[in-house]
Every structure is written in structure tokens, then in C-alpha cells.
Amino acid sequence: MNNFIFDINKCVGCQACVLACSIENKTELPVLWRTVNTFNKFKYSSVPVFQHSLACNHCEEALCMKNCPALAYSRNKITGAIIHNPEKCLGCKYCTWACPYDAPKFNNKTHIIEKCNFCNPRIEKGLLPACVNLCPTGALNFETENSNISNKSILGFSEIGIKPRIKIIPLRNENPPVLCKSEIDIEKEKNFSLENIISEKKISAKKEIPLIIFTLLASLLTSFYGSKVFGGFSINITEFLILGISGMILSSLHLGRKLRAYRSIFNIKNSWLSREIFFFSAFIFGVAFNEFIFSDNKIISYIVALTGLLALFSIDMVYKVAVQKTKINVNSSSVFLTGILFCGILTQNYFIYLIIMVLKSGLYIYKNYYDFRNSKISFQIILKYFRLILLIIFSLVMVFSESGTLFWISFSAILLSEIIDRIEFYNELQILTPEIQMDIDLKKNEIH
Amino acid sequence: MPVFSTACPRNCYSTCSFKVVVENEKIINIQPNNANKATPEGICLKGLSYIERANSVQRILFPLKKNENGKFERISWKEAFDIIAFKLKFYKQNFGSHSILFYSASGMSGMLNDISSNFWKLFGGVTRVHGNLCWPAGLEAVRLTLGENKHNVPWDLANSKLIIIWGKNPAETNIQQTIFINQAQENGAKLIVIDPRRTQSAERADYLLQIKPGTDAFLALTIANILIRKNLYDKNFVEKYVLGFEEFAKHVEKFTLEEAEKITDIPSKYIEIIAEFIAKIKPMTIVPGYGMQRYTNGGQSVRAILALSVLTGNIGKPGACFHYANLQSYIFDDLKEPLNYFPENKINEIFKRTISTANLGNEIVNAKNPEIKMLWCERGNPVTQNPNTNIVLKAVRNLDFRVVVEQFMTDTAKEADIILPAKNMFEQSDIIGSYWNPYIQLKQKVVEPAGEVKPETEIYWHLAKKLNFNEEDIKNYLIEPGDFAVENYLNKILEKFPEITLEKLKENPQLANNHEEIAFSNFVFPTLSGKIELFSQTAKSLWNISELPDYVETKENTNNSEYKFNLLSPNTKNRIHSQFGNLLMIKALEPEPYVTINPTDAILKNIKQNDFVRIFNSRGNIVLKAKLSFEIKTGCISVSNGWWNDEGGNVNFLSKGYETDIGYGSAFHDNMVDFEKHDTKI
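Protein sequence lines correspond, in order, to chains R and S. To get my numbering, take the position in the first sequence, counting from 1, and add 555. To get my numbering, take the position in the second sequence, counting from 1, and add 292.
One or more hints might be untrue.
[What the hints assert, rightly or not] In silico BS3-like links for lysine-lysine, alpha-carbon gap of 25 Å or less:
| # | chain 1 | residue 1 | chain 2 | residue 2 |
| --- | --- | --- | --- | --- |
| 1 | S | Lys554 | R | Lys745 |
| 2 | R | Lys743 | S | Lys879 |
| 3 | S | Lys919 | R | Lys756 |
| 4 | R | Lys743 | S | Lys737 |
| 5 | S | Lys318 | R | Lys680 |
| 6 | R | Lys756 | S | Lys879 |
| 7 | S | Lys969 | R | Lys596 |
| 8 | S | Lys897 | R | Lys743 |
| 9 | S | Lys856 | R | Lys745 |
| 10 | S | Lys879 | R | Lys757 |
| 11 | S | Lys311 | R | Lys680 |
| 12 | S | Lys758 | R | Lys757 |
| 13 | S | Lys900 | R | Lys756 |
| 14 | S | Lys318 | R | Lys757 |
| 15 | S | Lys897 | R | Lys745 |
| 16 | R | Lys581 | S | Lys318 |
| 17 | S | Lys879 | R | Lys660 |
| 18 | R | Lys596 | S | Lys919 |
| 19 | S | Lys318 | S | Lys737 |
| 20 | R | Lys757 | S | Lys919 |
| 21 | S | Lys900 | R | Lys931 |
| 22 | R | Lys998 | S | Lys919 |
| 23 | S | Lys900 | R | Lys596 |
| 24 | S | Lys900 | R | Lys745 |
| 25 | R | Lys743 | S | Lys900 |
| 26 | S | Lys900 | R | Lys998 |
| 27 | S | Lys879 | R | Lys664 |
| 28 | S | Lys879 | R | Lys596 |
| 29 | S | Lys318 | R | Lys745 |
| 30 | R | Lys743 | S | Lys318 |
| 31 | S | Lys311 | R | Lys581 |
| 32 | S | Lys969 | R | Lys743 |
| 33 | R | Lys745 | S | Lys561 |
| 34 | R | Lys745 | S | Lys919 |
| 35 | S | Lys504 | R | Lys596 |
[Stated by the list, open to error] If you anchor each label on the Cβ, the simulated ranges turn out as follows:
| # | chain 1 | residue 1 | chain 2 | residue 2 | range |
| --- | --- | --- | --- | --- | --- |
| 36 | S | Asp903 | R | Glu742 | 21 to 27 Å |
| 37 | R | Asn728 | S | Leu353 | 47 to 53 Å |
| 38 | R | Tyr940 | S | Asp903 | 31 to 37 Å |
| 39 | R | Leu682 | S | Glu641 | 56 to 62 Å |
| 40 | R | Asn929 | S | Glu545 | 58 to 64 Å |
Calculated directly from the structure, the hints in this document are not laboratory data. Glycine included, C-beta positions come from ideal geometry on N, C-alpha and C.
Isolated chain S (complex conformation):
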């Protein structure tokens, strides 16, 4: 049986390499690929579930059109193209091409995704979204401070003597990272976890600080204050490489232990212990997650935490880095994250308008000149994944016409007028990078598309023909159907990097050119000043926040909200956002959504194990089962994100959609709710 090397293109740190076994045009088994040093033992359970996902009976295999009764019926590609081309022309002529919203998200990564933008550019420009639902606040924080988002190779973590996992749960969201954490611990490293939840990642930790959500900056700046007051920072390093230490040192004086205990809920004696660890144990790697920056003060929190790595000189050395995002494999991009999320970089003569993804629903409704009439949605599921589902649903339903390119009948697909069947990762070759490991990988085509599935590149090519785009443009900017054209396109991208060829990529993952095993080991920081900027003028000029890392209260918190519980909506090992949850394999492990409540909170509301609970705030409400556990900090409850609406657990009915302080991210966790016992499921 043929075995192919491939890689997982999901929005996930690990970006695992793996091998697929193919028999009769079907993926029948999966094997590990130890050529990737970051994922040597194999892929996670979601990757294994590709066996089902690729061959699922739930897959959409034909173009579908919603009829008058609201039911989907199969149509031919010709009819689909006819309808869509007619609509595109109609809206362009009557309202201008910007009455069409092109929405895409992180459903599948790859270089061919650029073709979508090319098409819409040739079409005359459409409205696009700016920002990102996930990580930009932290990316921008690191960019402001270090100039660039990169960190040591994943396996270097084993060299650390102190690892601080801050708001990340790698045991579920970056499983392979735990290999290197375990290796470090075998070598005697200490592990500290800072998280409102006692996650699986916290179980092997020496200390777990169950911090009050949104107060991370206060904790970090208090520790910074201790380090400076007690002269425990790395003077040499600071003098040589850091801009703004004096201002920073004076600024953090006001972050006292007493205040910190009140604000963060961490007893001061533990803050002192942790500060002692950070001061004395080297090398230290801080592994910040993306959860902690999904607040309205998220960017400042990440800047404050990063300051601890900077003060102690834990940058640019083996075992010492700030492990936020490693974009060293993004070698093909001219503009790297987060810059390519910024509207000023998205808006040009052709694409004249963007709307914020964090506030998608309202921005669609409020768009004027022209109003938004039509949605084209691919690689995304905004109805469940963008904040404030009720508003998103209202906005999408208010539109005239919706096209959704999807593999499955998601909540967004259900809203469509036309659904076009989307390819899966095994049906078209593409090149992907990783934001964690330093490999360039090929997810190669190993089977023909199922049913009548056409890859997006073909969809756009046919539409371009139908719309009579200039033949020369079609040739230059789009890809004609067939594997040959795809390989040509990929080869052209690879031209600049002769070390990496498609042939090599077909065999195994390839290390990115010039990647640094130890990031910043040359101590060159591409900031304005060329130094590590604790004091950043850009922070002020671009984002209107303090030049220094500071603690700012979150927009929603216990003091100013009538709802007294922080709702956390973390990711789980069982899904990537709303992907995978529909599969029987995943359902066999976790059949239904639940809310995790601390028993001491539950008892006050007379809630017992498995009772139904209604969670509510001014945005909406959801009803799901209660799971009692001391895992969650009192005053917080948690529901994993990504459940579909008919499963009853879509947390975004409750989220608001604030933008983060910097980077145009979404402050999902800035979300106060209350809850009560509920008699039955809605």
C-alpha cells in the first residue's frame, strides 16, 4: 500500500508531520514521521480522526442550493457558477464590488489561499476583514518589544531549567511540546504554570498560580518590581540590549505585593517565591499562550510578561526565550503577522475597505457606502467562531446572498444560499509553514477529490472564465484546473529557495532557510531603536497605549459588571475551534458540551453534577450540563469553544467582540456571565 508524507494544515502550534496510508483512493491509516524533530512521535487524536474525516458520510460532495423551503438540494456546478456569476455582476453593477464581503479564516493553511485574494482583486476589490480572532495582541506585543516574532526551536525547551507556562495548555493544544517539557523536567527543570484553570499541563508543575483572569500584567509587573528592587535582574544584558529600563524601573514601583495579592488573587508569599525562581534559575523559557492575551488588555499583559524574560537576560540563549510565536518558517510572506492583519496594510487602491473580525456582526450591519449585500465565506465558520453569535447570525441573515465553501454542514454553511463543496487536505497539494516548528512542509495530494469536490483554485478559475476576466490575468494570477498547474505554482514559489524543492518536500519536511535554532542569538533586534524596547514609542503612536508595559483593567470585570463570573472559552484537545467535533470518533470521546464549575460556586446555586445550567448575560444565553471540578478557579466558569449551535454549547452567544488593545485581536475572554440551574435542555 502506498504511504505518503504529509503535514497537518490546521490552525495549531504543532503542525505535525505524518504519513498516510492510501488504499483504493481512501486514506486508511496514519503513521508517525520522525523526520520532524518537533513532532517525532506522531500526530494527535484529531490528526488520527482524519481517517474518518476524509471519508465521512457527513461530507458535502456536491454544490447545494437552498430552495424556497429552506432545504438544500443538489445542483450542478454549471448552475452554481451561473447563479454566483449573475449575483456577483448584479451587486457589482448596482452597489459596487465592495458590497461583497470576502470572509476567510484559518480553516486550512497553505500558499494557494492567496489565489482567493487574487481573484477578488481581479474582480475589482471587495470588502475584507482585518484583524484575527486568535493571537494578534501578543504578536504585536512581541513585535513592539523584540522587533520580530520568533523563538528557539521547540526541542530547545528541553535545555531550560525553569519553564513558566503562562496561560497556555500545551497538554491539549500543543501536545508534542509536552515531550520537551518532560525532558527538561527529567533534567531537573522547575515548572510553573499560571492559569485560572488547573489544566492537564499544570499537573506536573511545581507551582500553579490560579490567577484572576485579566490581571496577568499586574502579576508580571509586581515580579518585575521585586527583581529590580532586590537587584536580581541581569544588569549586563539590560545595559547592552534594552531601551527604557530607567523608565520601566520607576514605573513598576507602584506594583506592590499587597496590591498584587488583592488584584490577582495570588497570595503574596507565592509571588515572592516565583520571583525568586525567576531571578535565580537560568536559563528560563516563558511559554505564554494565546488565552491570556484574548482580553482588552491582552497586548499589555504580554508586554509585561515578556519584560520578565528581558530583565533576566533570558533571550537569545539555549533554553532561554519567549516562546510566543515562531514565524521563521513563514519564508514566503512579504508581510508577516501581525502586520498583515492591520487594516492599513490591507486597504489599497483595489481593496478599499475592511471590517473588524472581532466585531464582525455589527460591522456588517453598519457598513455603509456601499452596504454589504453578499457574503463569500471560505475556510471559516463565523457563525460559531466569531464573537457575539446572535449579532453575527442577524447580520448574515440580513444579507441578500451568501456563498459558503465548506466540507461539512456547519452553522455558517446552514445559513448559505449556495454551498460549494470544499476540498480536504488530502485532495490538493500545498505548502505550509508553522508558527511553532521551523519546518516547511508539503501537504500533498494523495487522493482525487471526493464526489464533485473542486478545490477553491478551480472554483475561482471557472468563475473568472464565466465573468470574462482578462485571459492574461487569469493566466498570471489564477491557477488552471489540474495538478500540473498547482505544482507549477508551488515550484515558482520555491524558486527563491533552491535548497527546498518540491521533490524533497514530498519525501519529508524541510527546515526553513536560515532559521535560527536559538532565536536572537546574534542579539539583533529589528525594532526602531535596534534594542529590546521596554519603552516603545510605537506603542503610543500606533495604539495609543502607554509606552511602557502597564496594567489596565479589562473592559468587563467583576467590579463593573452586573454578571459576576468570568467565562473562559479555551480550546480542547478534541477540536480545532469548530472543526472535528462532528466526527463519531471525537463524539465517542466527548459526546456533549458541558460547563466546568467549581463545586464551591455550584453549591451556592444549588447545582449538582450533570444538572442543566443556563449561562447568560446581556448578549445571549446557552444551556448545557454542569461538570463540577476544582479545576476551575472560583468566580470563573469554563466552556470549551467550537461546539456547534445544535449541540447547545456555542460560547459565542455570550461573547462581546471587543478588539484587543493592540493588534486587532478579539478579546473573547473579556466576558462576564452569570448562571443558574435550568430544568431541561432548551
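For reference, chain R alone in the conformation it holds in the complex:
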């Protein structure tokens, strides 16, 4: 199997590889498939500066391929190249979240993904990939035999066990040059923290408002239906279906190619995104079928409710491609938990919603432990307390108000609290990119 070799010692960050790639593959500028990232961009004295030139690493366990809901990726069995097939791509960008090497690039003009194909047409002919062929210092190379690759010790390179087909040759000398500066200059430099240098994130609440609405809507719809099944309060079927279908439309709004939306359930076998879409659609259509064809059959309604829960579970799983902020793998804003919380509230099952409330508050305090302890008063911190207090107080108030105004005030307050957490969740979502991996490793390096 083929792989890239990249020698950090020889790379000077000249970016000829980036243009070589663009020329060979005729990318539409400014779209570039290959990127040269710099470790220690601010050139802190105590840390070396070096580059990684990366495009697609054609991983043996390619996360783009595994997570693509539309089966748009394939592997060339002979060359090992992971190929993106544009005619199958929805433009959902989920692969850009899944890949830690930032290889899939979204093209704003074609509205779909494109990426490095290992110069497959060239390597099939026995030629080198363009980037390798034209690297003016010989830093990039290419190997055809299977070699034992481990990049564990490479600073700034994400090694998450997906077997990228690149062998990185580490620095001969891991130390930066001795900077012959005076003690005063070195002291001055220490006053600057690394806090302000985190690179731009891929996901933020502002960019993902439709997703925030969709995920909360899904949990509300599931809870309404669950409540209906278990005899609690609910909305009528027309309202339900209008909201449900709006949700489906909303979730397809961000697709680059909306007409290909049907392809999004092609990868139920591997992709949580496919599962999410499948279960959510099944849930909404299940409700409609059960109502209009089976006249609200009890057993079917249990199954449909379960489908709703599976949709919520899938939604939570979709976000697992992000870097986890905490060790516990459940986030307080989990829509699965939110669904159960509201179901408990609507069926007025104190036991259930108080347990979920305690669980959610606990998780929330846990994930914000550092902020609660250390931060000075700021808008963000007040909002965090607000979220927590709303959830706890109104869950307790709820116990004493089975219906009427106070119930709905409490319901709204808890919903608001959940919305706050959901927004925070999107703002905290950290998708691994080479740049961010470098930031993370730089911070670690600085601490040592």
C-alpha cells in the first residue's frame, strides 16, 4: 500500500506543494487541497517552529468514508487512495468534522466537498503525486511498499488510531535554536500567554442555528409523542406533523445539494448521521402512519416512540466526532436526556424528570467545574449560573404545579435553560484540525 513520507527537517514551508497540487488537480482558487501548517506561529522562544504539509492521508480507517451518510467516498483497492465521488456528495460537510486532518474541503461554488485523491491517476501510471514530484527541497516523498508507520511522537500531528498513510520523519533536533537574547528580553516575552492564539474553530453556535433549532425540536417532538403515548399532555397531530416536517426541512437546509437529500440515509451501517436522519424520518412518518392508517395502534405507538428516542440518541452520537471537553462521554446538553426530561415533565412523572434534572445539573457543573471555580464575573459565567438555577428551581417548582400558568412558566424556563446549554454546546464543540492539534500540542509543550 502507498503512503506519503514527510521529512520535517527538509520542509521550509515554501508551499510549492500546495500550488503543485492545485495545478495538477485544477482546483478552483482559493480552494486548495493541501495545506502547510506552522507549529508555534508566534515563534515563542522556547519552542521550535516547523511545518507540516498535509492533504489527505488516505487513512486505512478513513473517518470521512465511515461517517459520510451518502457513501460518497470509496477506496481504490490497488492504490489505497480514498476517493471522493462528487456525483454522490450531498455537501453536508459532515466529513469535514470527522476528518482530523482537514482533508475534505468544501467548495462554496459547487456546494460539495472535494479533496486530495493521492493523484490517483498519476500513481496508477507509476508517477509520483504532484506535490511529491514538485517539492523543491525533497521534503515530501512517496513510498509504495507497506511500511510500519507510527507518528506517535510527532508534535502537532493527530494520532487517533485511524492509520493515516503518511510517515513523518521527526526533527533531528527537537530544540529551537539558542536565541542569543538578553535575560531581559526573555523575561518580557514570558508575560504573553498562549491563551489568545487558538485558531479559528470550524463550528460555532452562530453558524449552526438551524442545527440548534432542529436538535431541540427533535427532543421536544419525541417528548410530546412519548407523553401522548403514556397519557400525558401533548399537542394535536396536525401541529405535530407540521413541526416534524419543518424539522426535516430545516435539517436539509444546510445541505449543499438539497435534491440529493435522499442519499443521506445510504450509510446506516456506519454513519450516525445516516441513522439520525433515518430514525427521525421514521419517527415522523411513523406517527403519521400510525395515526392515519392504524388509527393509533398502541403497540405501534410504543415502537414509534422508541424510534424517536433512537433518533435522539443518534443525534448525540453524531457529535462524537468532536473533541470531548471532559472525560465523561455524556454532555449535559444531550438531546436524548432533554427528550426524556420533557417527557417526564409532560407526563408529570416527578421521579423521571427529577432524576434527569439532577443528572443534567451534575453533568453541567462537572463540565464547567473549572470555569465556576476560577473565572471572574463575566456575562458567560452569569449565564452559566442562570442555566443551572433555572433548571433546578423550576424543576422543583414544577413538582408543585401540575397545570396552569405556573406549569407553563416553569416549562418555558426549563426550555430556556436547555437552549442556553445547547448554544454553549455548539460553541464548545472542538473539531480537530491540524492547526488546532498544533495549538493543543504547543500549549502542552509550553507547560513542560
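With chain R's structure known, arrange chain S on it following the hints.
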């Protein structure tokens, strides 16, 4: 698809060989050519961007004339020639032919460039520029000391055990050199970098000395002092080959460690360490750059640094040389750089006057008898690249008539009355040398000129006809249109060198005749004394500087300027001066100019990352974004040169245009500025 061998004719060390793939009269891809041992892996990103540059929609493809509204409109070649011929005659008759300024720079190298001078000679002589914007101070320093500018072949650097990169950033400006630096390091060589910036080239170094700009000579002479005092110099070598050691030894006594620390900002313990390295590790190659000599004391700095190679006997041996400029491939020139920059060598009976390129603006304005009325500009972009843009612009705008031969709408082209579309490197064959590698190369014609483009040789031929030059002269000194005449001309040049033929050059680069892999290995030094001259009488008689390498303060520095920051305007990997920056490929990598500021300086002026900053001094000001980085020494800021005016980053609005101490260079970096936070872009 046909594939042609060619070479890059830009003003760059590397002068890469490469191959172009042509399809339907278009350059569609580029491949490396490993026949050139100095550039075996391929060309840099700028070379790759030829794919865009050659076919760019921005190219000027027709003669253009500025109308009354200041807009350019397309005209025919006939109309262009008519207008230009009329003007040429008019100025010659009324003011004399020297009222016309012929300005050319380093935009494209090649033997055919001589045709321009031939034309102007036949015309009766015009005013020309002397000096050079780039490297003459160092060239002259080496010439004074070693007699000639040459060094070991690029790949010999791999044999060094100690490499000192002094004021050069090969990782950006001579990328292929890093191959040999890396090889040397693989073999255990030590690398020291001396530069106010922590450049990419410094990243693999053992030591980086972030020296105060303009104080290089002091550092070098202090180290020389240590070597001599501690008896760590090569006595044998000095006795045999060096003139003026006694005087030098006495002279450097006053360069003490304590003073050096104060002046250069390098803690003395490190100076001692470096001196120890230089004394003990052999062979040593010093790789001085051109940045460090763009000061008013630049020539003396290079002489002082070169003295370290001389004292330690690191000349004329494998792995040991002073790697400044290697003119061994300039086999066709009678007069080599820097001598051909000197006015005394440019002025003759026909070309009676030259003006200084360093001080171009003022010299155009102040020229008398005759005043300068018309500019002909080719292969250059003086509005952004010559010092003191405001004055250059004023001077150019004051002229009556301007002709600019250009491929793109540069800042200089915008000032023109007539723009003539210039050929690119793929549209006419020519022979080029290199100032780094020892190859003679052919950049061959691989496509027909785009649009109505005519190579300069054709432009001059047509003009000569129009002006009724003597037919015999036209035949002897100019080249008639067509590839056949060009090849004839090149063949004639090659006649003296039967080993090198056009046919061979079409295949691959050819090593220059009699080039020395190891320069000066015969220890013959073509100086007055025949020895290496640490003590040079020519230095005194020709330039009125000390016979010995000395430290002289720069004209502008912290002590005597009201502006407290050194502005450095280095070159970047993304451009050759003002070339390439207009291409989408380059813009995709670096979309806008920025100034690099040390965070500890920025905080004092309340400047944060990406804030707009106004940089100013008495000459002018520019506004651009701040990029904070510990890369730059405190007290210095840096903006790469070559940004176009409408991009907002043209550093020459701030530069002064002093001449260097020797060689008629331009002291761009002798440039003090201040800066402040600015609310918005201008």
C-alpha cells in the same frame, strides 16, 4: 504533449532549471529537471505559478494609450510606433537625446537585453541609471578583498562543518540551498544564523544571533579580535595569501566584547561561543545575504565578515568559501558586476550621463542640461521598487512623456502614456547565467507571444526602421523579427564557446566553461597585490572609506533619528520584488500585506493582532495590518517589499534612497520609522 527544458530568468539566486508541458500553445504544467545539480528537486512556488502568470487574464496583450480621462485604450502597433517615434525625434531635436531616460532593471535576465542599449546607442545616447538596487556593496567588498566574485558550487555547501548564514533567508529566497544545508547538518555540521529576524532559515540553526540592524561589522570585527588575540587564526594561510594582516590585527584591538554587546545587542557570552566555533570548526562556509549590505555601511560590513573567512583560512577549499555571489556563469560579459554598475564604466562618448538608481526620483527632478523629459522603462517597476516612492512618483509624473514596456498593470505602468505589451519568458528564447549556480541555460521559446505581444527586440527593430536608422547598423546591432534571427544572434554569442551549443542548451543546462567547483582553489586572487586584501588601497582611493574593514554607524539609527524603529523590508518566498504578487495563486497563499511587530513592542502602543497600523516617517506613511510575532527583534518591524500601491503595503513610501558606502547600491534598510494604531485602512 511536448515537454521543453527551460530555466527561470528572474532575479533570484536559484535560477532553477525546469521543464514545461505545453498543450495547444499553452503552458499547462511544470516538471522538475534534475540535470541541474543545484536545483534537482524542482522550482519554487513562484515558478509553479507561471502556469497562471503565462496565461493570466491580467496580462497586457495590446499597445495601450492613456486618453484625456486617464483611462487606457487599445491602439495599434502602428499608432504606438508613430507616437513614440514622433516623441523621440521631438525631444532629441529640442533638448538633445539625453533628455530621454532609459530605465531598465532586473525583471528578466538574458543576453537579448543588450539590444536595448544598442538601440539607444544608435539613437545617439540617452541618460541611463547607474548602480543597482540590490547587491553592489557586497560585490564590491568581495572584489576589493578577493579580486573577483565567485564561490564554490552550491552543492559543495554539504561539505561544510560550520555554516554561518549572515543576513540571508535561503528558506525563502534560495529555497534549493536548504537542500545542501540540510545535507551538511545530516553530516553533523553546525549552523549559525545572524539576522534580526528569527526567519524560517534560522529554525534548524544551533544558534540565532538577533543582531541590531546595521551593526554587523562591529560583531565581525569583535570576533576577528578574539581570533587574533587568542591566536586562533590560520597563521600559515594569512602569511601566504593575505595583505595587511598586521594593520588589521592592530585595528581590531578596539573592538571589545563589552562594546560589542552594547552596540550589537548580542550578549558577550554568545559572541565568545560563536568565535570559538569559527576558530575551531573547519571547513566553514559563510553565507552572507544581500539584506545585511543594504545599509550605508553595507560594503564595510561585508568586508568585515569576509575577514573572518580569510583569517581562518576558509577560502579555496571544499566546504570553505565566502558564499556571496558566484559569477562564474557570466562568461559572455566583458565587464562583470559590480564594475558595470559604476558610472565611470557606463559613461562614454555616446552615453554621456547616468543618474543614480538609489536616488532616482531626486535625480530625475534635478537633472539639468538637458532636463529629463521622457522615460522609457522596461523590465522594471521603479514606482514600487526604487527608494522613496513619493519622490519617484512626483518625478515620473513631472515628465512630459512615459513609455513602459510591461506584462501587467504595475504601479509604474499605470503612470505611462503608452504601455507596450512585454513578452514573457516562454515567448522568446534567450540565454541566461546565474549568480549562484554554475550553469549556462536556455530559457527557450515554447509558445508564440500572446495577443499582439512583441518582444523588445522587435519593438526596437520597428522603431529603428521608423526612425530611419542606418540599415547597416540595424543589421549589425539589432535583431530583426522572427525566431531565426534570435537563434542566429545567440549562436554568434556561443561561437567563442564551442562546448556549449544551442542544441545542447535546448536539452539541458550546461556547466559554464572552466568554472571552478571550488573557487580560488589555485589561490590566485586578481587584486592589485595578487593577495587577499584585508588592507585595500582601492577602498580608500575609489570610495574614500578606510583601507581596512571598519565599523561605521549607519546614517539612520536609533541615536540620531526621531523615529525609533528599524524598518526591514526583506524579500519573501511569495514574490520576486513586485513580481508574482498579482496572481490568484499567490494571493491564495498571502492575500494582503502585513507588518510584523514584536508583541512586546506592540503592547506599548496598544496594538493587537490584526489591528491596522500606520507606519510613518518624514518620507511618507503606509497603513497595513499588524501581525504579532516574536520572530522580529524588538525595536525593529518588518514588511516584505514588493506589494503594489493599491494593496497598501509599498514599503518604499518610507525608504530614503541613500547610496551604499561602496558599489552604488541602495541602502533600503537604513530606514527608521515609527508606528501607531490606526482606526481603518486608508
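>> Hint check: Lys969 (chain S) vs Lys743 (chain R), CA-CA at most 25 Å. Holds or violated?
In response: holds, 21 Å
> Does the Cβ distance between Asn728 (chain R) and Leu353 (chain S) fall inside 47 to 53 Å?
Replying inline: holds, 51 Å
> Would the pair Lys758 (chain S) and Lys757 (chain R) pass a check requiring their Cα atoms to be no farther apart than 25 Å?
Replying inline: Given that 25 Å is the threshold and the Cα spacing comes to 64 Å, the pair is violated.
>> Please verify whether Lys318 (chain S) and Lys680 (chain R) have alpha carbons no more than 25 Å apart.
In response: Measuring from Cα to Cα gives roughly 24 Å; hence the hint holds.
>> Can you confirm whether the C-alpha distance between Lys900 (chain S) and Lys998 (chain R) stays at or below 25 Å?
In response: holds, 20 Å
>> Hint check: Lys504 (chain S) vs Lys596 (chain R), CA-CA at most 25 Å. Holds or violated?
In response: Satisfied, since the Cα-Cα distance of roughly 23 Å is no more than 25 Å.
> Can the restraint linking Lys879 (chain S) and Lys596 (chain R) be considered satisfied, given a maximum Cα separation of 25 Å?
Replying inline: Roughly 20 Å between the alpha carbons, so the hint for Lys879 (chain S) and Lys596 (chain R) holds.
>> Given the hinted pair Lys998 (chain R) and Lys919 (chain S), is their Cα-Cα distance within 25 Å?
In response: holds, 20 Å
>> For Lys743 (chain R) and Lys318 (chain S), compute the direct alpha-carbon distance and say whether it is at most 25 Å.
In response: Status violated; Cα separation ~55 Å.
>> Checking one constraint from the list: CA of Lys897 (chain S) to CA of Lys745 (chain R), max 25 Å. Satisfied?
In response: Holds, because 18 Å separates the two Cα atoms, which is no more than 25 Å.
>> Just to be careful, I want the Cα atoms of Lys743 (chain R) and Lys900 (chain S) compared with a cutoff of 25 Å; is the pair within it?
In response: It holds: about 17 Å lies between the C-alpha atoms, which stays within 25 Å.
> Is Lys879 (chain S) within 25 Å of Lys664 (chain R), Cα to Cα?
Replying inline: This hinted pair holds, its Cα atoms lying about 18 Å apart.
Comparing the model with each numbered hint stated earlier shows that hints 2, 4, 12, 14, 29 and 30 do not hold.
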